Amino acid sequence: MPIILWTDALVFLLVACAIGAGFYVNRREYLLASWRRVGESRAGMASLTVLAAFIAVGLLDSLHYRPRLDDVPGRTTANGYGSEVRSALDALLQPLRSGTEKTYSAPLATHLYAKETVELPDGSQTRVFPRLQHGGAHLENPEQDWGKDVAARTVQGLALAVLAALTFSAIVVQAAALRWGLGWQATWRRIWRGETQFAWNAVLAALAVLMLLAGPVISLAGGYHVFGTDKVGQDVLYLTLKSIRTGLVIGTITTLSMLPFAVALGIVAGYRGGWIDDLIQYLYTTLNSIPSVLLIAASVLMVQVAIDTHPDWFATAAQRADARLLALCLILGVTSWTGLCRLLRAETLKLRELEYVQAAQAFGASASRIMGRHILPNVMHIVLIAVVMDFSGLVLAEAVLSYIGIGVDPSTISFGTMINTARLELAREPVVWWSLIAAFAFMFVLVLAANLFSDAVRDAFDPRVAGRRVAAVAQEKAA
Amino acid sequence: MSLLRVESLQTSLAGAAGVVRAVDDVTFEVAAGETFALLGESGCGKSMTALSLMRLLPDAGSIVGGRVLLGGRDLLALSESEMREVRGSELAMIFQEPATSLNPVLSVGEQIVEVLERHASINGTAARRRALELVAAVGIPDPERRLDEYPFQLSGGMKQRVMIAMALAGDPALLIADEPTTALDVTIQAQVLELLGQIQRSRGMGMLLITHDLGIVSQLAQRVGVMYAGELVEIADRAAFFASPKHPYSNKLFAALPRPERRGAMLETIPGSVPPLSAMFAGCRFAERCPSAWARCRDEGPAWHTAGESHAVRCHLFDPTAPDEEGSSRITAASPLQVTDKETPPPQADTSLLEVSDLKVHFPIRQGVFKRVVGQVKAVDGVSLRLTLGRTLALVGESGCGKTTVGKAILQLLQPSGGNVRFAGEELTSLSPARLRALRADMQIVFQDPYGSLDPRMRVGDIIEEGMAALGTASGLAVRDRQIDEMMARVGLSSEMRGRYPHEFSGGQRQRIAIARALAVAPRLLVCDEPTSALDVSVQAQILNLLKELQATLGLAYLFITHNIGVVEYLAHEVAVMYLGRIVERGGVREILNDPKHPYTEALLSAVPRLDADSGRPVIVLKGDMPSPARPPAGCHFHPRCPRAMPQCSVGYPAETQLGGGRSVCCYLYEQIRS
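So the sequences go chain by chain: A and B.
Position 378 of the first sequence, counted from 1, bears residue number 378 in the working numbering, the numbering being contiguous throughout.
Position 56 of the second sequence, counted from 1, bears residue number 56 in the working numbering, the numbering being contiguous throughout.
Among the clues, some could well be false.
What the hints assert, rightly or not - So these bits of chain B aren't anywhere near chain A, every CB distance computed over 12 Å: (1) Leu76; (2) Glu80; (3) Ala183.
Unchecked claim - Okay, the calculated beta carbon distance ranges per label pair: (4) Arg366/B / Leu13/A: 43 to 49 Å; (5) Lys350/A / Met83/B: 35 to 41 Å; (6) Gly183/A / Arg84/B: 52 to 58 Å; (7) Asp319/B / Lys350/A: 42 to 48 Å; (8) Phe370/B / Arg423/A: 51 to 57 Å; (9) Leu295/A / Phe370/B: 29 to 35 Å; (10) Glu496/B / Leu295/A: 55 to 61 Å.
Unchecked claim - In silico lysine-lysine, BS3-like type, Cα no more than 27 Å apart, as pairs: (11) Lys148/A / Lys102/A; (12) Lys350/A / Lys371/B; (13) Lys360/B / Lys350/A.
Keep in mind that the hints were calculated from the coordinates and are not lab data.
Note that the structure is predicted; figures quoted are calculated from it, not measured.
Where a beta carbon is used, it is the ideal one built from N, C-alpha and C, also for glycine.
Please put together the full structure from these sequences, using the hints given.
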């Protein structure tokens, strides 16, 4: 039975918005020109490729359903569906999800990380590192075969990755060759040397690197816990993949909930002036002077109390956790619109004095029409730049908030909760380092890609930066 | 031997569309003690030439070839550190915009002393003494105090004087002045031009003057070089040049200038636009726009030919080896004008369209925590005007006198603080917003800056449609569609351009779009707020012709706000001269321009640089700057600067004196005569 959580609905609304914006941009030459400049940026396109991989994982993880339980007679609920909500990603990662161990195990290990007392066949007891139930379970003799098996699987994964990368490149080159009417080799040379407008070589290179990393991981994940397991034996690779959705949701839905405040209030304050401006300025100055962590903590705790006292509102635990995630997004949004609002107010103050706005006033155009037709389109580049730049900050903010315990629901898997549990693991002897490293690596790559992409977007849309860049590129070409 | 010798200088800029040859094979000389003027329209490469001489090109620019010899030394062969030694001490430059050429966080004195320490190697009190001398030399009153002031405390004219003082600090042999007065008002321009001329004469300095204004050239230069599309096309002595410009482009420039003797006739325009400098040129660069071009002009670039004593032209027309029947018959002098002075007869008194009486716009000055009103900026303080259908009233004045505010207050874009505006019998100041909206279709405005007045995110068709949609003048999409096409045709644009965005158009085309937008709602009154001041002369002529034609066919009334006297002479029927928020003199255009009564009008008219600089007409140079409208002087606002001030002028503001024939003036000089 498909389940649409609140955040799922918003995520797909965002996807729909993005597709709609794509069509809108496609019909407007001046916007298309800016996006083409984004497409020319190698760093931007490489990071967009990485981001796209993250987004694909996040979207897969946003398709939720409740599995039918008819295969377990006697345990069906009233309507025949389990109370557990799963996603398409869970279904794909079924072996990882269900292959839990007892407790910690190191990456690619065959034995547990902790000694256990086991009873020997002769009745005596001894403390050993027991074999894992799933990790390396196919090995008869792990001491001898482990190295060989890991190497074999890595090579196999790499080979598959190379094959996949080549196939994909071939498809792109073939399509490009057909489009440009060039020969295979000429097309390949053009793409490889970066003579194309769109930075195809960056996309292909980024994809190849991604595949070369993913190939061995997928191949090894068939028999091992590639990133080890956590305290309750869950696969850390599975946890990090699940965390991606949480990070993306926080980064995007927060922005979505902040935009109406920032855009509407900023433009109205700048355009109307007078007491309206005073009121809005007062509002955001006050909001800004409250320590944001305090405000967020208070709001989150209030929401949590409300959720805890009304268990009847939610049919499943997942829906409850999702409500808390959504609440966190909204709270972060409500507290973070001030910066953008201030920027937009200042820009509107400038635009208001421009002559085309006055010309519209001379036509008796209404204030809302002027704000909608003349001011909004002319501040959109600021909004866009702010949105992509805020994204990475919000992903990091989630980690910090979850770490101090006012973030997402403890049952929601996120980078923040992973880091929070890693706090105790690092204090343990011998140290358990893999879950922190895994969370750190994934979050780092996500945020870095988002930052590089936002730089490319800013370069393309900020008129001052764009002008400078065009001059520099032109000079390069001349030289 | 000449002081500066530029030999086939070539500078190129790397642009998005490819390499732009901004300066191509430019050769000229400047002798010591001589002023050489580089004349040309925007984008012709004259500023790039100056920057190439200083080797201060933008990052994208580079000097590709040629030599620049200053006192026999090739500047292009110097290292950057040697060049730094040359800049400021041998070569100095004054820029166009004094407001941004001074560092706002350093006092004026510090900035001058900095140059002295670098180039004259004097420090401490000696440097300060020298700075004082320099500041006094450029005519800044009270130099002791001014030296410690910051740029924001100085007016635009003062700042330009400081810039000149800084340029003189290194005692340069050659001064490059890049449009030194373009950002200044006419009366201030007169002050600065006089100063430049005087300094140049007394120091025997060479000066390279870069300008687009023929009047300034005539007043200041000894020799003239005309630039077009990166090339010099004509070099001549001033007298020879103004007596008979030879190159067809120079001829066209003269013909495009609005002048009183051309009233009633169309101005000459240059068809087409300057070709993009990234193109390769086979023939003459002006051939596409030249009325006397023939086949040879398109195939072969012209060489320099002499055309009289110290007069050289780059044009095939003057090739002595050319066959006679091709060349001589084509030489066109400044095109003959058919002056058909059919003025529209002065209409009857009862057709008055707009009547403004005692209009006041005051802006409160607020201070303190509670924003208490501590004073008023009296931007407009009691202005009365009258305008009838089919006529043009020019509102003339310098920047800051409140003329734009008058225009906006008439259209109710600003709330007047007092007075009445009657438009077609309706009192606008007390009209309900809904009634006012209905009347908006009757009165429209065209702004000064064609780049700021069109929304960059809207297509041209949508821009023109906006007024119709907002006012609901044309119902039905098909009707509106047809009207947009009509409007575009009327202002000389083709309807295929509807789908384009404003940035794809040139300045003149944008101004046409702005006019089409205003006309789309069929107004009867058009307020034109300096519609041509951001445009080149040849483009200005096109817009003035268009306005004139529209008035003739549609019977529009224009309130023409401007500081350009030439445009007033050409277009206006009546003139009102404003000074510091009040009208000081009004009347018919001929009476006012030929026989100004008010001392301010007199000074304003005499300060406009004229083409006939040697006519012996005295230039009245006013002292000081316009006072702030927040604290106008007591009595007559003009008396602190007035050369004919009397004791009573500082006591009370003079009443309006009627001089007959619809003329009036606010000055005690004429009150006495009458009484």
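Check the structure against each numbered hint from earlier and tell me which ones fail, lowest number first.
Hint check: 7 fails alone, others pass.
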